[in-house]
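A.B. asks: Below are the chains, spelled out letter by letter.
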Amino acid sequence: NAGVTQTPKFRILKIGQSMTLQCTQDMNHNYMYWYRQDPGMGLKLIYYSVGAGITDKGEVPNGYNVSRSTTEDFPLRLELAAPSQTSVYFCASSYGNEQFFGPGTRLTVL
Amino acid sequence: GESVGLHLPTLSVQEGDNSIINCAYSNSASDYFIWYKQESGKGPQFIIDIRSNMDKRQGQRVTVLLNKTVKHLSLQIAATQPGDSAVYFCAEIPMDSNYQLIWGAGTKLIIKP
Numbered sequence: 001n002a003g004v005t006q007t008p009k010f011r012i013l014k015i016g017q018s019m020t021l022q023c024t025q026d027m028n029h030n031y032m033y034w035y036r037q038d039p040g041m042g043l044k045l046i047y048y049s050v051g052a053g054i055t056d057k058g059e060v061p062n063g064y065n066v067s068r069s070t071t072e073d074f075p076l077r078l079e080l081a082a083p084s085q086t087s088v089y090f091c092a093s094s095y096g097n098e099q100f101f102g103p104g105t106r107l108t109v110l
Numbered sequence: 001g002e003s004v005g006l007h008l009p010t011l012s013v014q015e016g017d018n019s020i021i022n023c024a025y026s027n028s029a030s031d032y033f034i035w036y037k038q039e040s041g042k043g044p045q046f047i048i049d050i051r052s053n054m055d056k057r058q059g060q061r062v063t064v065l066l067n068k069t070v071k072h073l074s075l076q077i078a079a080t081q082p083g084d085s086a087v088y089f090c091a092e093i094p095m096d097s098n099y100q101l102i103w104g105a106g107t108k109l110i111i112k113p
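Chains as they are written, first to last, in my numbering: chain C, 1 to 110; chain E, 1 to 113.
Calculated directly from the structure, the hints in this document are not laboratory data. Errors might be hidden in some of the hints.
What the hints assert, rightly or not - Partial chain C-side listing against chain E, Cβ under 8 Å, derived: (1) PHE10; (2) LEU13; (3) GLY40; (4) VAL50; (5) TYR64; (6) PHE90; (7) SER94; (8) ASN97; (9) GLN99; (10) PHE101; (11) GLY102; (12) GLY104.
These numbers were taken from a predicted model, which means no experiment stands behind them. Each residue gets a CB set at the ideal place from its N, CA and C atoms; glycine is no exception.
When you get a sec, could you build the whole thing from the sequences and use the hints?
C.D. replies: Here's what the structure looks like:
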């Protein structure tokens, strides 16, 4: 199993540009999550999903959107990138207590 | 280079010694408490969890202690090795939260040779 995979690994955006961060898991987990991690800080939940077709806001959803059309995929969309969205983004999936994390996407907005 | 951990509390431990990492939590209604390890440039990795009705749980070289009276969680790592160098986060799962984690502040563990 590949676990949780994320693409791209790195990306630089200009202010106002849009992009989609991809996340795929092959463990057949119902629960999936998107986090952001700023330097020296813990993780903050952006959005989560309890199954295909169901998504809900986390702690910091503003400026982001998600969709969950399949169990495997949980893409995160940034519509109008802002410098405040410069961060490392982690996708995770879980069946129960243990969340499995992807390697992260480092995003810089200039 | 990796900037995660620059502003985090740091614990320096001699290789071979035991490490104790502490965490204070806030939500008395949490169902589970969890420790994660995050190595530089990687996503967090689950270490061990403990249910709220337990005081102690042991894993391989790790022990988690839960003191509900003072809302305190600790992670003990026995015979610390260089591979234990990482940032350690505690997290809690509130009841009925769809497994959403509330993350605590991390602690950077540095192993001295």
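A.B. asks: A separate judgement is required for each hint: does it hold in the structure or not?
C.D. replies: Hints, verified against the model:
{"no.": "1", "hint": "PHE10", "result": "violated, 11 Å"}
{"no.": "2", "hint": "LEU13", "result": "violated, 19 Å"}
{"no.": "3", "hint": "GLY40", "result": "holds, 3 Å"}
{"no.": "4", "hint": "VAL50", "result": "holds, 5 Å"}
{"no.": "5", "hint": "TYR64", "result": "violated, 16 Å"}
{"no.": "6", "hint": "PHE90", "result": "holds, 5 Å"}
{"no.": "7", "hint": "SER94", "result": "holds, 6 Å"}
{"no.": "8", "hint": "ASN97", "result": "holds, 5 Å"}
{"no.": "9", "hint": "GLN99", "result": "holds, 7 Å"}
{"no.": "10", "hint": "PHE101", "result": "holds, 3 Å"}
{"no.": "11", "hint": "GLY102", "result": "holds, 6 Å"}
{"no.": "12", "hint": "GLY104", "result": "holds, 5 Å"}
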